[in-house]
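One letter stands for each residue in the lines below.
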Amino acid sequence: MPVVQVPTAYRGPTRGEAEILVSGSTVLACLEAVEEKYPGFLPQVIDADGAVQRFVKLFLNGEQLGDGALDAEVDEHDRVEVLAAIAGG
Amino acid sequence: MAGPEGDRLIRVDMTNQTVSEEPYPDEWKLLGGRALSAKILLAECDPTCDPLGPDNVLVMAPGVVSGTMAPTSGRISIGGKSPLTGGIKEANAGGNPGQDLMKLGIRVVVVTGKPSDPEKRYGLELTTDGMKVVAADDYKGMWNYACCEKLAENYSKTASFITIGPAGELQLTGASVACTDQQKERRPARHAARGGLGAVMGSKGLKYVAVDPGRARVRRPADMKGFSAKCKTYTKDYLAGPQMFKTGTSSVVPVANMLHTFPYKNRTEGQSPDADTLDGKNINASFEERGGEMHNCMTGCIVQCSNIVHDAEGNYKTSALEFETLTLLGANCAVASWEDVADLDRLCDEVGLDTIETGAAIAILMDAGEMEWGDAEAMKKLVREIAEGTELGVAVGNGAVSVGVRTGHKRVPVVRGQAVPAWDPRPLKATGISYAIGPMGADHTAGLIVNPGMPADQWAQASQEVQLVNAVCDSSGFCQFLQPTLDDIREYYGLLYGEEVSRQQIADQGWECLQDEWEFNRRAGFTEADDDIPACLREEGVGPDHSIVFDVPLDVIQQVKTRFELRDELFAAKASG
Chain A
36 MPVVQVPTAY
46 RGPTRGEAEI
56 LVSGSTVLAC
66 LEAVEEKYPG
76 FLPQVIDADG
86 AVQRFVKLFL
96 NGEQLGDGAL
106 DAEVDEHDRV
116 EVLAAIAGG
Chain B
7 MAGPEGDRLI
17 RVDMTNQTVS
27 EEPYPDEWKL
37 LGGRALSAKI
47 LLAECDPTCD
57 PLGPDNVLVM
67 APGVVSGTMA
77 PTSGRISIGG
87 KSPLTGGIKE
97 ANAGGNPGQD
107 LMKLGIRVVV
117 VTGKPSDPEK
127 RYGLELTTDG
137 MKVVAADDYK
147 GMWNYACCEK
157 LAENYSKTAS
167 FITIGPAGEL
177 QLTGASVACT
187 DQQKERRPAR
197 HAARGGLGAV
207 MGSKGLKYVA
217 VDPGRARVRR
227 PADMKGFSAK
237 CKTYTKDYLA
247 GPQMFKTGTS
257 SVVPVANMLH
267 TFPYKNRTEG
277 QSPDADTLDG
287 KNINASFEER
297 GGEMHNCMTG
307 CIVQCSNIVH
317 DAEGNYKTSA
327 LEFETLTLLG
337 ANCAVASWED
347 VADLDRLCDE
357 VGLDTIETGA
367 AIAILMDAGE
377 MEWGDAEAMK
387 KLVREIAEGT
397 ELGVAVGNGA
407 VSVGVRTGHK
417 RVPVVRGQAV
427 PAWDPRPLKA
437 TGISYAIGPM
447 GADHTAGLIV
457 NPGMPADQWA
467 QASQEVQLVN
477 AVCDSSGFCQ
487 FLQPTLDDIR
497 EYYGLLYGEE
507 VSRQQIADQG
517 WECLQDEWEF
527 NRRAGFTEAD
537 DDIPACLREE
547 GVGPDHSIVF
557 DVPLDVIQQV
567 KTRFELRDEL
577 FAAKASG
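Respectively, the protein sequence lines represent chains A and B. Here the numbering used here is used: the first residue of the first sequence is 36, the next is one more, and so on. Here the numbering used here is used: the first residue of the second sequence is 7, the next is one more, and so on.
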């Protein structure tokens with residue numbers, strides 16, 4: 036099963052879980068699977084229009100995804116990583 | 007000694023306005039910045055002294071790798087006994103003075119004493135030609151930008167400056183120490199802001215420090231080839247990565263708001279209705295029409311998280327407008343416009359004030375009913391009043407507790423006298439533990455953990471570990487936003503001095519720094535009873551139904567003072583502030 040890696044800032048809904056095993060054949064399907072398990076996760080990643088939040092970056096097996104990130108195909112052993120911009124200042 | 011030779015420790019006696027130098031102790035070669043400041047303060051400063059008296063010691067210490075070719079490595083630590091908290095304080099800043107001091111081989115400047123005439127002002131010159139204290143009465147009362155313009159006229163193009171504004175001269179406990187950035191204008195836009203160290207500098211009559219490395223080159227590591235290769239690989243990897251800070255800390259506003267850590271109206275709410283108008287996206291969007299840009303505050307920075315903000319006419323207004331400032335002077339005071347916050351940021355930089363402390367103080371004034379929520383114009387007038395030293399201005403310039411005392415208002419969110427930063431301890435419990443027990447008081451740069459879902463049994467260890475990593479980072483000269491790991495830092499140190507620096511050594515350095523700082527505070531009179539978050543944040547919640555309070559038991563907070571076993575993960579953990 037693909038694994039979704041959750042950034043520390045977004046682990047409130049996942050109750051601290053950092054890596055979630057899911058079923059899904061695209062990045063979006065994987066993220067939606069996390070939402071099904073842990074309601075409240077998805078709005079942190081995707082905005083009301085269905086686009087990736089601008090302060091989030093998505094990676095597939097370590098490669099940053101650009102346009103069309105949500106539609107990228109995911110295989111059984113793939114890793115979807117969510118990164119969120121967090122800094123002090 | 008391997009690595010940089012001829013390093014010096016500079017002593018400045020402000021009672022007699024004399025400067026002397028000593029060889030830098032070899033046993034301190036791996037100590038810089040915060041850890042060095044703590045070591046000197048514990049040895050040479052009476053923790054019970056009057057922080058604004060002659061016995062306080064003001065330390066200016068660049069990091070270990072500052073002045074080398076290492077990327078984003080020019081942070082400088084300013085240290086002393088804090089007049090705000092009464093405990094030890096280290097605040098660090100970017101800009102170029104850290105790099106320039108190290109190019110001169112100056113590892114630390116230790117300022118003691120106090121002039122007999124409090125009306126006199128002095129400058130300290132540190133150049134390739136020598137070192138001396140000079141009269142600076144004609145700089146008296148100058149705001150930071152005008153002061154640095156005048157300094158730029160009077161010193162070489164290669165000089166950088168450390169200055170205080172009127173708040174420091176008035177010895178207000180919210181006063182900052184400004185450092186000039188690397189722009190050709192040399193603007194005093196980078197501040198060692200927290201803890202009132204500007205007041206300590208002011209108490210010593212020191213208006214400015216001019217550091218001129220002339221044509222001095224970057225410091226030469228013992229293993230030049232290895233050090234160069236490390237710098238190249240590190241930079242390449244960083245630039246190939248996500249560069250999450252490329253749009254500046256102001257871009258964090260929507261995330262913080264989502265996580266209930268964007269305080270509104272003196273922290274009575276964790277979210278602001280004005281998050282969209284305060285969002286840093288508006289600042290970045292203004293660049294195209296008005297000019298302004300993201301830039302590096304110090305020479306050799308690859309992070310470039312600092313913004314330069316222009317006004318509607320395209321003229322420079324301020325730099326850098328950060329997340330913390332947008333929160334404390336913006337949302338927390340119910341100010342809705344980022345442009346108003348930009349004005350306030352410039353004013354605070356001019357007067358020489360910590361924007362966090364000032365914003366928190368004004369929010370308490372508003373919460374007490376003495377100023378209208380969101381009245382940005384009244385706030386600007388008030389910050390100008392601070393420079394004039396009016397009764398109200400002095401109260402606000404002395405910070406949150408001072409305003410609490412003046413108004414009798416009970417909701418005063420501080421830890422050990424220092425205002426709580428934007429990152430809120432209620433949703434972020436482990437960060438709250440860092441505030442409660444960290445030697446610096448409420449300081450996000452000492453131990454930020456943005457993980458609202460962290461299980462309770464991990465809080466204490468996570469807080470200790472991030473405090474340790476950040477202590478090492480703040481001693482190295484690297485900026486926390488470069489996010490170096492302990493393994494990175496020890497590798498740089500090893501190549502700099504041509505000797506192996508072990509994991510145990512680097513971790514011990516961080517722990518020893520914390521121990522030194524805790525010991526200073528213990529001798530200053532702090533006890534376990536001081537290691538807590540204020541009642542208002544334990545009793546008043548944020549989030550749904552205001553249900554999220556700071557509810558960490560006191561015994562869990564105290565666990566941080568007992569060292570946890572070293573874990574491999576610690577050495578891959580990134581500095582986080």
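Hints are computed from structural coordinates only; laboratory data are not their basis. Some hints here could point you the wrong way.
[As the list claims (entries may be wrong)] Quick list of the computed label-pair ranges, beta carbon to beta carbon: (1) A/E108 with B/Q249: 25 to 31 Å; (2) B/I308 with A/P74: 35 to 41 Å; (3) A/E108 with B/D551: 40 to 46 Å; (4) A/D110 with B/K242: 45 to 51 Å; (5) A/G75 with B/G531: 57 to 63 Å; (6) B/A578 with A/A86: 29 to 35 Å; (7) A/E98 with B/S234: 41 to 47 Å; (8) B/E383 with A/R50: 26 to 32 Å; (9) A/P74 with B/K163: 15 to 21 Å; (10) A/E98 with B/G375: 33 to 39 Å.
The beta carbon of each residue, even a glycine, is placed where N, CA and C say it ideally should be.
Checked hints:
| no. | hint | in the structure |
| --- | --- | --- |
| 1 | A/E108 with B/Q249: 25 to 31 Å | holds, 26 Å |
| 2 | B/I308 with A/P74: 35 to 41 Å | holds, 39 Å |
| 3 | A/E108 with B/D551: 40 to 46 Å | holds, 42 Å |
| 4 | A/D110 with B/K242: 45 to 51 Å | violated, 29 Å |
| 5 | A/G75 with B/G531: 57 to 63 Å | violated, 45 Å |
| 6 | B/A578 with A/A86: 29 to 35 Å | holds, 32 Å |
| 7 | A/E98 with B/S234: 41 to 47 Å | violated, 28 Å |
| 8 | B/E383 with A/R50: 26 to 32 Å | violated, 45 Å |
| 9 | A/P74 with B/K163: 15 to 21 Å | violated, 59 Å |
| 10 | A/E98 with B/G375: 33 to 39 Å | violated, 55 Å |
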